[in-house]
Amino acid sequence: MSDSQTTRKQINISSVHPSITGHFPGHPVVPGVVILDYIRQCIEEWKHSSVEASSLKSVKFLSPLLMDEKSMSDVSSQTLDIVLEEKKTIDSSPTTKIEFRCLQNDDLIVQGLWVFQANRSQ
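Under numbering that gives the first Met the number 0, residues 0 to 121 are what the sequence shown spells out, in order.
If you are wondering where the hints come from, they were derived from the structure by calculation, not from laboratory data.
Treat the hints with care, since some could be wrong.
Stated by the list, open to error - Derived SDA-like pairs (lysine to any residue); straight-line CA-CA distance at most 20 angstroms: (1) Lys59 - Phe99; (2) Lys87 - Val33; (3) Lys96 - Leu55; (4) Lys59 - Ser92; (5) Lys8 - Thr95.
Given the sequences, and given the hints that come with them, work out the whole structure.
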């Protein structure tokens, strides 16, 4: 039996996402909170469990997710690969630990750890 489970999901963030036009005009950047919300949603879908934002234990933004000028003039999107890996706990506690990595064009831009109590309420 493996010590961890891994899943990968590809998402597209549209250039018309409401948060992008004001963040920052002329040099559009996808806000970190938007990326984290996509990660949270991916965890919830994968684990069939609700995940509170407050259970985010660590996050490191290594590089901004930029929207290029072409994507702003056309209605297009930026692709983000989200890799989730569940780390098994030694005891039988209901705590779930998910390490995440986000990649754009194979470049690591965000990494972190989400720790939460597993429930099956979704």
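Which of the numbered hints above does this structure break? 2, 4
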